[in-house]
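Protein chains in written order, with the working numbering: chain V, 6 to 513; chain W, 6 to 513.
You may find that some hints are simply not true.
When chains are identical, the list treats them as one kind, so a pair holds in a single copy or across two.
[Said to hold, decoys possible] Listed next, the in silico EDC-like pairs over lysine to aspartate or glutamate satisfying Cα-Cα at most 20 Å (straight line):
(1) Lys398 x Glu370
(2) Lys261 x Asp35
(3) Lys304 x Glu321
(4) Lys18 x Asp37
(5) Lys161 x Asp122
(6) Lys463 x Asp35
(7) Lys100 x Glu155
(8) Lys486 x Glu311
(9) Lys18 x Asp35
(10) Lys399 x Asp142
(11) Lys295 x Asp74
(12) Lys18 x Asp122
(13) Lys295 x Asp103
(14) Lys304 x Asp37
(15) Lys486 x Asp37
(16) Lys486 x Glu85
(17) Lys411 x Asp328
(18) Lys99 x Glu386
(19) Lys165 x Glu370
(20) Lys438 x Glu308
(21) Lys392 x Glu158
(22) Lys295 x Glu471
To be clear, the hints were calculated from the coordinates, so they are not data collected in a lab.
Read off the chains here:
Number of protein chains: 2
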Amino acid sequence: MVKFSAKVLDIAKRGVLLNRLDARSIGVLDGDRVQVINPTNGISVTAFVDTTITIAQQGTVGIYRITNDRLSANDGDGIEVREAGRPASLQYIKKKMDSGRLNKEETLAIIKDVVNDDISPAELTAFITASYINPLDMDEVEHLTRAMVETGEQIKFASKPIVDKHSIGGVPGNKISLLVVPLIAASGLKIPKTSSRAITGAGGTADLMEVLAFVEFSASEVQQMTEKVGGVIVWGGATNIAPADDRIIIQEYPFKIDARGQMLASVMAKKSAVGANLVVIDIPVGEHTKVPTVQDGRKLAREFIELGERLNMRVECALTYGDIPVGYSIGPKLEVIEALRVLEGATEPNSFIQKSLSLAGIALEMSGKAAQGTGAAMAQELLSKGKALEKFKKIIEIQGGDPKIKSGDITPGEHQFVVKAPTSGYVIEMNNKSLITLARIAGAPHDRGAGILLHAKKGKLIKVGEPLFSIYADRSWRLQKALEEGRRLMPVLVEGMLLDRVPSGRGF
Amino acid sequence: MVKFSAKVLDIAKRGVLLNRLDARSIGVLDGDRVQVINPTNGISVTAFVDTTITIAQQGTVGIYRITNDRLSANDGDGIEVREAGRPASLQYIKKKMDSGRLNKEETLAIIKDVVNDDISPAELTAFITASYINPLDMDEVEHLTRAMVETGEQIKFASKPIVDKHSIGGVPGNKISLLVVPLIAASGLKIPKTSSRAITGAGGTADLMEVLAFVEFSASEVQQMTEKVGGVIVWGGATNIAPADDRIIIQEYPFKIDARGQMLASVMAKKSAVGANLVVIDIPVGEHTKVPTVQDGRKLAREFIELGERLNMRVECALTYGDIPVGYSIGPKLEVIEALRVLEGATEPNSFIQKSLSLAGIALEMSGKAAQGTGAAMAQELLSKGKALEKFKKIIEIQGGDPKIKSGDITPGEHQFVVKAPTSGYVIEMNNKSLITLARIAGAPHDRGAGILLHAKKGKLIKVGEPLFSIYADRSWRLQKALEEGRRLMPVLVEGMLLDRVPSGRGF
Numbered sequence: 006m007v008k009f010s011a012k013v014l015d016i017a018k019r020g021v022l023l024n025r026l027d028a029r030s031i032g033v034l035d036g037d038r039v040q041v042i043n044p045t046n047g048i049s050v051t052a053f054v055d056t057t058i059t060i061a062q063q064g065t066v067g068i069y070r071i072t073n074d075r076l077s078a079n080d081g082d083g084i085e086v087r088e089a090g091r092p093a094s095l096q097y098i099k100k101k102m103d104s105g106r107l108n109k110e111e112t113l114a115i116i117k118d119v120v121n122d123d124i125s126p127a128e129l130t131a132f133i134t135a136s137y138i139n140p141l142d143m144d145e146v147e148h149l150t151r152a153m154v155e156t157g158e159q160i161k162f163a164s165k166p167i168v169d170k171h172s173i174g175g176v177p178g179n180k181i182s183l184l185v186v187p188l189i190a191a192s193g194l195k196i197p198k199t200s201s202r203a204i205t206g207a208g209g210t211a212d213l214m215e216v217l218a219f220v221e222f223s224a225s226e227v228q229q230m231t232e233k234v235g236g237v238i239v240w241g242g243a244t245n246i247a248p249a250d251d252r253i254i255i256q257e258y259p260f261k262i263d264a265r266g267q268m269l270a271s272v273m274a275k276k277s278a279v280g281a282n283l284v285v286i287d288i289p290v291g292e293h294t295k296v297p298t299v300q301d302g303r304k305l306a307r308e309f310i311e312l313g314e315r316l317n318m319r320v321e322c323a324l325t326y327g328d329i330p331v332g333y334s335i336g337p338k339l340e341v342i343e344a345l346r347v348l349e350g351a352t353e354p355n356s357f358i359q360k361s362l363s364l365a366g367i368a369l370e371m372s373g374k375a376a377q378g379t380g381a382a383m384a385q386e387l388l389s390k391g392k393a394l395e396k397f398k399k400i401i402e403i404q405g406g407d408p409k410i411k412s413g414d415i416t417p418g419e420h421q422f423v424v425k426a427p428t429s430g431y432v433i434e435m436n437n438k439s440l441i442t443l444a445r446i447a448g449a450p451h452d453r454g455a456g457i458l459l460h461a462k463k464g465k466l467i468k469v470g471e472p473l474f475s476i477y478a479d480r481s482w483r484l485q486k487a488l489e490e491g492r493r494l495m496p497v498l499v500e501g502m503l504l505d506r507v508p509s510g511r512g513f
Numbered sequence: 006m007v008k009f010s011a012k013v014l015d016i017a018k019r020g021v022l023l024n025r026l027d028a029r030s031i032g033v034l035d036g037d038r039v040q041v042i043n044p045t046n047g048i049s050v051t052a053f054v055d056t057t058i059t060i061a062q063q064g065t066v067g068i069y070r071i072t073n074d075r076l077s078a079n080d081g082d083g084i085e086v087r088e089a090g091r092p093a094s095l096q097y098i099k100k101k102m103d104s105g106r107l108n109k110e111e112t113l114a115i116i117k118d119v120v121n122d123d124i125s126p127a128e129l130t131a132f133i134t135a136s137y138i139n140p141l142d143m144d145e146v147e148h149l150t151r152a153m154v155e156t157g158e159q160i161k162f163a164s165k166p167i168v169d170k171h172s173i174g175g176v177p178g179n180k181i182s183l184l185v186v187p188l189i190a191a192s193g194l195k196i197p198k199t200s201s202r203a204i205t206g207a208g209g210t211a212d213l214m215e216v217l218a219f220v221e222f223s224a225s226e227v228q229q230m231t232e233k234v235g236g237v238i239v240w241g242g243a244t245n246i247a248p249a250d251d252r253i254i255i256q257e258y259p260f261k262i263d264a265r266g267q268m269l270a271s272v273m274a275k276k277s278a279v280g281a282n283l284v285v286i287d288i289p290v291g292e293h294t295k296v297p298t299v300q301d302g303r304k305l306a307r308e309f310i311e312l313g314e315r316l317n318m319r320v321e322c323a324l325t326y327g328d329i330p331v332g333y334s335i336g337p338k339l340e341v342i343e344a345l346r347v348l349e350g351a352t353e354p355n356s357f358i359q360k361s362l363s364l365a366g367i368a369l370e371m372s373g374k375a376a377q378g379t380g381a382a383m384a385q386e387l388l389s390k391g392k393a394l395e396k397f398k399k400i401i402e403i404q405g406g407d408p409k410i411k412s413g414d415i416t417p418g419e420h421q422f423v424v425k426a427p428t429s430g431y432v433i434e435m436n437n438k439s440l441i442t443l444a445r446i447a448g449a450p451h452d453r454g455a456g457i458l459l460h461a462k463k464g465k466l467i468k469v470g471e472p473l474f475s476i477y478a479d480r481s482w483r484l485q486k487a488l489e490e491g492r493r494l495m496p497v498l499v500e501g502m503l504l505d506r507v508p509s510g511r512g513f
């Protein structure tokens with residue numbers, strides 16, 4: 006055990022920086038694990054070592070910011086650093102690589118180590134890859150879900166029911182939470198909705214809500230706000246609810262994998278941790294979504310329901326049509342405008358409104374607020390009487406936004422380009438993945454005004470030269486890049502349209 | 006494309022550090038990939054982003070040392086930074102996760118990206134994990150081997166044969182290269198031996214050789230030295246020969262995996278890249294090694310031979326007894342002392358001498374230097390006439406060491422503890438893994454003097470109180486730790502010895 010003088014380093018990452026000579030005398034190399042202890046508060050964390058010759062003098066330990074968020078050291082504090090052992094969870098990950106089944110304790114050990122930074126991102130990736138190739142069975146999924154819940158904060162509401170809702174994603178423009186949450190809260194039910202930011206999409210619900218209000222709150226703030234106004238729409242990543250899940254999602258991102266077991270656990274851990282006992286899950290089905298066929302969708306639904314039973318939650322799943330975008334807008338501001346318009350009274354787009362009412366209706370029926378078969382109609386009434394808008398304003402207000410905001414106040418990206426139909430005919434194809442890619446190239450979700458506005462959807466007859474879709478961007482170079490890529494991606498196809506023209510090939 | 010002022014950061018890692026606002030304006034988050042271009046030399050590298058508020062001001066890009074080793078920027082240079090695309094190799098890794106077979110181009114793309122830092126350690130781990138669970142077939146192994154060779158430096162000797170030798174490891178005390186290389190060089194053959202440092206072991210050959218001389222040389226220095234004195238023993242990691250292999254090994258380390266396909270490729274890529282055409286491979290077989298049975302050993306031998314044929318190398322494999330240590334010493338200095346003593350004329354330990362002579366003999370026969378069946382005898386003669394010692398001194402000298410060094414000049418760790426037999430009986434068990442673990446706890450391989458010296462080997466009759474083995478350490482706290490753990494590990498068992506005594510359980 007050697008004592009060092011702390012030097013907090015403002016780099017937003019985990020780890021410590023040791024002088025090369027100090028590292029050698031502790032017996033560690035770059036990338037090795039050390040135990041770092043702050044004797045003034047007794048906090049001990051594991052960290053991975055970087056080395057330097059000059060930035061940390063001998064006797065000084067540099068502590069990167071995220072590690073110091075836990076360690077709470079100040080410059081000059083006496084900090085103990087020693088070689089850390091190999092965490093037992095590495096064995097369990099190896100067991101999963103070798104097709105073993107993990108028991109409750111082994112799973113909990115892995116997830117604890119994930120949350121405590123005891124295993125590296127690469128080690129976590131090994132676990133994710135192994136669980137993807139050697140899928141988790143339902144017992145393992147239950148262990149994983151419980152471990153995710155237990156290693157984070159949990160909300161305990163004084164009274165039930167608590168409703169929650171989740172879409173498993175893959176469909177662009179899926180802004181329905183902006184309607185479903187106010188609808189359910191307007192009925193008198195409680196819905197503490199934690200959402201994600203976009204990982205592979207063009208805008209997660211949290212990215213959308215952030216156009217209107219703050220989304221970063223603690224678990225207890227989520228509880229208090231929900232008690233007060235009936236619902237919230239916040240970013241789950243800020244709550245410390247099921248924090249392991251966020252770590253896992255980050256590592257899955259490069260490969261765009263969403264292993265079944267981890268997806269089940271991810272969704273249900275968040276629902277369980279916020280205290281929900283009635284859960285509606287939207288499973289978009291279609292060739293271009295995560296769930297290609299209705300059979301696959303039913304199977305997944307049964308798994309959600311079974312996992313729910315194991316965790317004392319009632320789950321209903323809605324298989325929805327997911328092969329084209331929900332509504333006409335893709336990208337944070339564009340989607341928020343569309344949602345606000347509907348709350349303000351617009352009766353279009355039908356796909357968006359009907360889907361939202363159906364899902365809200367299921368929750369209303371599950372809770373007993375509406376009789377079987379009358380949930381959607383009750384939701385329709387809450388919408389058309391303005392109760393949902395009123396509730397949404399309360400939610401915006403409690404989350405620190407401006408409750409007087411109107412759809413017309415929000416302006417999407419100032420750089421725009423209208424793609425016109427190159428020929429007359431029916432719109433025969435809309436490719437979700439290409440639409441998302443294009444919106445991302447245009448800057449979504451980071452650039453809130455970036456995205457795509459569709460002017461026609463699949464099946465519509467369109468004339469040559471009529472607008473097919475518009476690309477929006479906050480920055481002109483982003484728009485340029487989107488235009489270049491758009492020619493290659495061709496996300497919307499009109500019957501009879503040339504797919505390529507050699508040698509000068511242009512889609513539009 | 007945005008231009009930044011360079012600030013070289015002395016942290017021994019890859020990556021760049023951007024001000025958070027700059028990162029946002031480029032459109033990247035922590036952990037995202039950027040392309041970094043130094044316009045003064047045209048070099049472009051991929052790097053992963055860390056962010057800061059204060060360490061890099063807006064308009065400044067911090068460049069960590071290993072990334073700057075390639076980029077060669079100086080403080081204040083104008084550096085371009087832009088969001089980098091997703092490398093295609095991620096798709097190929099995903100394909101392997103999905104049980105696909107990788108073709109030559111896909112494999113080369115992955116390995117190129119590994120060497121160029123275009124994929125992260127976590128992404129590489131996904132590839133390794135996927136290749137471990139979905140094993141590479143021989144075509145894929147050949148692609149991998151060729152890709153490793155092509156993405157590094159290669160040595161082309163003017164004349165053949167070029168001999169090389171490899172032990173696949175897992176046996177403690179396997180210092181035979183210190184004999185085999187001088188023996189082969191003394192016969193007039195050339196052997197440009199690149200070795201590893203210990204990853205999971207108590208001392209790699211490079212760690213051992215570093216007790217006597219420098220081991221970090223470039224590929225062209227390896228070639229020149231080999232041309233001059235017939236052989237070298239260097240650290241492969243410094244040569245840029247098959248550099249992808251080192252990256253892979255680092256990521257395998259936490260799980261102690263050594264997937265068959267990667268192991269084959271790793272060994273043979275290094276042999277191919279140094280220009281070897283005659284290769285002897287030592288496959289230690291035994292319950293406690295990487296290869297548990299003779300059948301497994303033969304299968305692995307056939308794979309080495311087949312891969313050799315595909316790469317125009319003649320390969321012979323020697324299955325050796327690997328269940329107990331080679332010789333009596335484990336740990337850098339202790340092993341070097343034992344090897345030097347043998348070169349100086351000692352006729353013990355027999356296991357070490359016979360194994361070395363057999364392996365050298367195979368190479369002598371393959372090359373035609375010795376007639377079939379006479380190689381070991383010829384090697385014995387080179388040893389007993391002092392030719393091997395003479396050659397070893399030349400090798401030490403050309404690598405910058407002191408050629409006059411004698412075994413008696415080297416002193417192992419000053420902190421020692423002799424473990425005595427707790428009872429009389431035969432030595433019935435020596436556990437390789439426990440011996441290695443104990444040597445590592447005592448400080449090996451970083452502490453060159455640390456390790457274990459066995460006083461009796463399996464099968465020997467020993468009396469109560471006689472020395473069983475000694476633990477050496479350079480630092481007293483390391484010795485203490487080894488003593489504590491040794492009680493639990495009990496690496497050497499004597500017939501009739503109590504394995505535990507409840508409640509005060511002590512092995513020794």
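Evaluation of the provided hints:
| no. | hint | in the structure |
| --- | --- | --- |
| 1 | Lys398 x Glu370 | neither (25 Å within a copy, 87 Å between copies) |
| 2 | Lys261 x Asp35 | between (29 Å within a copy, 18 Å between copies) |
| 3 | Lys304 x Glu321 | within (13 Å within a copy, 53 Å between copies) |
| 4 | Lys18 x Asp37 | both (16 Å within a copy, 13 Å between copies) |
| 5 | Lys161 x Asp122 | neither (27 Å within a copy, 46 Å between copies) |
| 6 | Lys463 x Asp35 | neither (54 Å within a copy, 38 Å between copies) |
| 7 | Lys100 x Glu155 | neither (23 Å within a copy, 34 Å between copies) |
| 8 | Lys486 x Glu311 | neither (46 Å within a copy, 49 Å between copies) |
| 9 | Lys18 x Asp35 | both (16 Å within a copy, 8 Å between copies) |
| 10 | Lys399 x Asp142 | neither (42 Å within a copy, 61 Å between copies) |
| 11 | Lys295 x Asp74 | neither (36 Å within a copy, 42 Å between copies) |
| 12 | Lys18 x Asp122 | both (11 Å within a copy, 19 Å between copies) |
| 13 | Lys295 x Asp103 | between (27 Å within a copy, 15 Å between copies) |
| 14 | Lys304 x Asp37 | neither (43 Å within a copy, 35 Å between copies) |
| 15 | Lys486 x Asp37 | between (41 Å within a copy, 19 Å between copies) |
| 16 | Lys486 x Glu85 | between (50 Å within a copy, 18 Å between copies) |
| 17 | Lys411 x Asp328 | neither (30 Å within a copy, 77 Å between copies) |
| 18 | Lys99 x Glu386 | neither (55 Å within a copy, 47 Å between copies) |
| 19 | Lys165 x Glu370 | within (15 Å within a copy, 83 Å between copies) |
| 20 | Lys438 x Glu308 | neither (26 Å within a copy, 43 Å between copies) |
| 21 | Lys392 x Glu158 | neither (32 Å within a copy, 71 Å between copies) |
| 22 | Lys295 x Glu471 | neither (32 Å within a copy, 68 Å between copies) |
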